[in-house]
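Colleague: Residues per chain, in single letters:
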Amino acid sequence: MTDKLDVILIGAGHNGLVCANYLAKAGRKVLVLEAGDSPGGAAASREFAPGYSVSSCAQWLYQLHSGVSRDLDLERHGLQWAARELPSLLLDTRGRHLSLLGSRIDGEGVSDGDREAWRAFHARTGKYVKLLARVFESRPPNLVEAGLVDRLNLLKMGLGLKLLGRDDMSELMRIILTNMYDLAEEYFDNPQLKSLLGFDSVLGSRMGPRTPNTVFTYLYRRLGEAYGYNGVAQVKGGMGALAQALAASARARGVELRLGARVTSIDMFNGRAGGVSLASGEQFRAAVVVSGADPVTTYGTLVGLRNMETGMARRVSQIRCAGAAAKLHLALNAAPRFTGLDESQLGQRLVIAPDLNYLERAFNAVKYDEYSAAPALDISVPTINDPGGAPAGCHVLSAIVQFAPYEPAGGWEGPSTAAGATHREHFTRLILDKIAEYAPGIRDQVVACQLLTPQDIERDYGMRGGHWHHAEMSLDQVLMMRPFPGATQYGSGLDGLYLCGAGAHPGGGVMGLAGRNAAREIIRRGARA
Amino acid sequence: MKSASDATMMLRTPFHSRVAAACELNAWGTWKGYTTPTAYTDVELEYFAIRSTAGVFDLSPMNKYRITGPDAEAYLNRLVTRDVSKIRAGRVGYTVWCNDAGQVMDDGTIFHLGENDYRVCAFARATDWLHWSALGFDVEVVDESDEVAALAVQGPTSCAALLAMGLVGLEQLKPFGLTMFPFEGGTLMVSRTGFTGDLGYELWIAADKAELLWDRLFEAGRPHLIKPFGSDALDMARIEAGFLQAGVDFVPAESAVRSGRSRSPYELGLGWLVDMDKPVFNGRKALLREQARGSRYRFAMLDVDGNKPASHSFILSGGKKVGTVTSAAWCPTAKTNVAFAQLEMPHGDVGQELVAEIYYQRELQWTRVMAPCRVIGAPVFNPPRRRAVPPGAF
Numbered sequence: 011m012t013d014k015l016d017v018i019l020i021g022a023g024h025n026g027l028v029c030a031n032y033l034a035k036a037g038r039k040v041l042v043l044e045a046g047d048s049p050g051g052a053a054a055s056r057e058f059a060p061g062y063s064v065s066s067c068a069q070w071l072y073q074l075h076s077g078v079s080r081d082l083d084l085e086r087h088g089l090q091w092a093a094r095e096l097p098s099l100l101l102d103t104r105g106r107h108l109s110l111l112g113s114r115i116d117g118e119g120v121s122d123g124d125r126e127a128w129r130a131f132h133a134r135t136g137k138y139v140k141l142l143a144r145v146f147e148s149r150p151p152n153l154v155e156a157g158l159v160d161r162l163n164l165l166k167m168g169l170g171l172k173l174l175g176r177d178d179m180s181e182l183m184r185i186i187l188t189n190m191y192d193l194a195e196e197y198f199d200n201p202q203l204k205s206l207l208g209f210d211s212v213l214g215s216r217m218g219p220r221t222p223n224t225v226f227t228y229l230y231r232r233l234g235e236a237y238g239y240n241g242v243a244q245v246k247g248g249m250g251a252l253a254q255a256l257a258a259s260a261r262a263r264g265v266e267l268r269l270g271a272r273v274t275s276i277d278m279f280n281g282r283a284g285g286v287s288l289a290s291g292e293q294f295r296a297a298v299v300v301s302g303a304d305p306v307t308t309y310g311t312l313v314g315l316r317n318m319e320t321g322m323a324r325r326v327s328q329i330r331c332a333g334a335a336a337k338l339h340l341a342l343n344a345a346p347r348f349t350g351l352d353e354s355q356l357g358q359r360l361v362i363a364p365d366l367n368y369l370e371r372a373f374n375a376v377k378y379d380e381y382s383a384a385p386a387l388d389i390s391v392p393t394i395n396d397p398g399g400a401p402a403g404c405h406v407l408s409a410i411v412q413f414a415p416y417e418p419a420g421g422w423e424g425p426s427t428a429a430g431a432t433h434r435e436h437f438t439r440l441i442l443d444k445i446a447e448y449a450p451g452i453r454d455q456v457v458a459c460q461l462l463t464p465q466d467i468e469r470d471y472g473m474r475g476g477h478w479h480h481a482e483m484s485l486d487q488v489l490m491m492r493p494f495p496g497a498t499q500y501g502s503g504l505d506g507l508y509l510c511g512a513g514a515h516p517g518g519g520v521m522g523l524a525g526r527n528a529a530r531e532i533i534r535r536g537a538r539a
Numbered sequence: 240m241k242s243a244s245d246a247t248m249m250l251r252t253p254f255h256s257r258v259a260a261a262c263e264l265n266a267w268g269t270w271k272g273y274t275t276p277t278a279y280t281d282v283e284l285e286y287f288a289i290r291s292t293a294g295v296f297d298l299s300p301m302n303k304y305r306i307t308g309p310d311a312e313a314y315l316n317r318l319v320t321r322d323v324s325k326i327r328a329g330r331v332g333y334t335v336w337c338n339d340a341g342q343v344m345d346d347g348t349i350f351h352l353g354e355n356d357y358r359v360c361a362f363a364r365a366t367d368w369l370h371w372s373a374l375g376f377d378v379e380v381v382d383e384s385d386e387v388a389a390l391a392v393q394g395p396t397s398c399a400a401l402l403a404m405g406l407v408g409l410e411q412l413k414p415f416g417l418t419m420f421p422f423e424g425g426t427l428m429v430s431r432t433g434f435t436g437d438l439g440y441e442l443w444i445a446a447d448k449a450e451l452l453w454d455r456l457f458e459a460g461r462p463h464l465i466k467p468f469g470s471d472a473l474d475m476a477r478i479e480a481g482f483l484q485a486g487v488d489f490v491p492a493e494s495a496v497r498s499g500r501s502r503s504p505y506e507l508g509l510g511w512l513v514d515m516d517k518p519v520f521n522g523r524k525a526l527l528r529e530q531a532r533g534s535r536y537r538f539a540m541l542d543v544d545g546n547k548p549a550s551h552s553f554i555l556s557g558g559k560k561v562g563t564v565t566s567a568a569w570c571p572t573a574k575t576n577v578a579f580a581q582l583e584m585p586h587g588d589v590g591q592e593l594v595a596e597i598y599y600q601r602e603l604q605w606t607r608v609m610a611p612c613r614v615i616g617a618p619v620f621n622p623p624r625r626r627a628v629p630p631g632a633f
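First to last, the sequence lines map onto chains Y and W.
Using the working numbering, you'd call the opening residue of the first sequence number 11 and step up by one each time.
Using the working numbering, you'd call the opening residue of the second sequence number 240 and step up by one each time.
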């Protein structure tokens, strides 16, 4: 390197690319180092069987911040939509599906009372979502050494609460710490509606619908509504195409992106982060190091717990980052036939979670490091809206599967209770059995199958514990406590090192705000070469 | 003789049978769950044993942690404020350790026993902190508090008494040195350390050989006028020697409940133990901030007029309260009335004249004296024999 770098950014995940982009826009010289051979992190497309490719981690886009999309001019850099405003369908074995898109609810079993209750619930919670969205657009307030900006942010938060009006504010206060199970039971009769809400409240986390905190995670999932989404969207070419657009935008701004460059350590100089070392032996120096890696990897592996003070090392060791979601990819020789679904519905978001107790039972298993005997699924058949991912006439089925432990007893390749089958094989069979209840005949269509356990996700995407959000989105790990108290506002608690990934405020999801907010904070603090 | 201590639920040290037999006053205090004597016979006589002959103190309730493994030195260097690499094998180092906020959790000693082998001797229980601190290090942390019994042998005739017990060559041991002797099929570790500011040693022995050690020591020490002493006499001696006591002169940071009640090393006059050349150690970031912003308090040793100990006194400057006394004693050998005070900055420059507001009671009548006092720069008791190698034959 001849020119001195202002910023080294570790990890070309979507947040890393967004952060690099804003930094470069502000005139910083940025080098992004990515261990993998493609950018995007969890926004990835991969071929999992000859001729079949899939969004191999995140599969729907529903939260990407509209301001980020605009600032980065992603559509000019190649982002195309395969489908937008897709409803969620809660599947029924007899074909009596429930369809939900924004405030619209359809289905045979939906009573007028439920319809009215849903409209009111959706409108009220929509206000909470807007309030959260505002909070997430700036750095989290720092309660201890609150400066003017923090006081203003707190004031805005308080004002936002007040502006909800007395009834809505007190309702938010009442429900925010509670669980979706009780809330859904309180508002609705329709078991399918209740279950869909329960499912959305636990997706990607290690929580069941009865777990306190799930009202917050539900609202978090709905954030996209404040950023212009209604339902979920599908990117043409899969999430990897989004990554390409993000990378192209960053490069156009002058960001240098190196793939296949695995950072093995963040190097500290007299207590300050000032560079990185690569697996290749190369070393780089910069005024600022930004990590898009998850916090446990950043602190525990790259910095090393011994290079920070005990209190911080302890905080890092307590971060809860065990994932509970697996991913199943099926290569199919024909379009799957789900009972009661027409072709257009097949391209929508399909959810298998018949009722709240089913979900809670599915969750029970993972508490004891077991996988669900009857799992819940979020299914996408991306090739309906975007046929390019499979050979002509063939299809891909992609499913987020809950719940799966990081590692069952004896390991995923160890023997299961099913004779002759490993845990991996047994769980795959259980998932296929479940799908077959809704899409009879699917077994005969499967030409290839891939199961990604949380352990696989950790390996493939560098997320410690395999948690999609880098750290559980629990109330003790959000806002100024994300990833842990003392490391907040994108500063890591270590001089010269910043965080820009899902482990920083506001958290996970393909949203881009962690990256954008981090860049703003780094620019505000002014560190450069 | 049945002792009152036999009826308590308190823990007993490995020397308890001997201690109880010698404790004529039956005056028991508690120390970290152990029952220990505040005095055996007479506080003044015990104090003068320390200063004129040899006194013996059972310090078994101290917490002892064994640190071993390839990262032992690196681990300790991150844990404490001073540079542990400068404590060579066979040496002992006094240090403090802080939390991330740069507040003192405890002071104590590090014994460098051998390669990758250390013992940390601490006032406060530190098991959890030491284990958390081991995250990321290849070390083993073992609490040896119950397995290792310890006696302090302090005073001018201490070396002679120990030589008489058969510890050949002990006179060559330098201050803060440690050495081993075979003892009844085990090992007796002797360090030239103590909490009295006098010539003195500390003996470290497996708990099951403790009583035997006591018996041997007192048998050999009889001609050298050896005498056990309790915590009251120790308190006089340590104040005279200028030693802080955790839990008395500062609140161990992790047990302070109220914010602002803990202290940094700089605020305790222990800044000399902080080595900022080390890139990482607990409290470093906060202490750098403190250096830049200035400390809140300053530790001061005061020479107080008169002979009334200024215990718990307010310290005034120009009639305004600027601090409080944490420890105070009339020090008989130095013939000085010493007080340790925490003063608000910027007070406490050596030579500053202050006033101690002392309350004392005689036959139910409380009296207040406004005793002039001044900040002194060094402990009032620091005899050459403390450092002499070999120590004189007393």
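No wet-lab data here; the hints were simulated from the structure.
Accuracy of the hints is not assured; some may be wrong.
Residues on chain Y that point at chain W, a partial pick, calculated with CB under 7 Å [as the list claims (entries may be wrong)]:
{"hint": "1", "residue": "H132"}
{"hint": "2", "residue": "R134"}
{"hint": "3", "residue": "D277"}
{"hint": "4", "residue": "G281"}
{"hint": "5", "residue": "N317"}
{"hint": "6", "residue": "T320"}
{"hint": "7", "residue": "G321"}
{"hint": "8", "residue": "A323"}
Just so it is clear, the structure is predicted and the values come from calculations on it, not from any experiment.
Heads up, the beta-carbon is just placed ideally off N, CA and C, and yes, glycines get one too.
Colleague: Hints first: check each against the structure and report whether it holds.
Modeller: Results for each hint:
1. H132: violated, 45 Å
2. R134: With Cβ-Cβ at 40 Å, over 7 Å, it is violated.
3. D277: violated, 11 Å
4. G281: OK, holds: Y/G281 within 7 Å of chain W, min 5 Å.
5. N317: holds, 5 Å
6. T320: This hint holds: Y/T320 lies near chain W, its Cβ roughly 4 Å from the closest one there, short of 7 Å.
7. G321: holds, 4 Å
8. A323: With a minimum Cβ separation of about 5 Å from chain W (threshold 7 Å), the hint on Y/A323 holds.
In summary, the numbered hints that this structure violates are 1, 2, 3.
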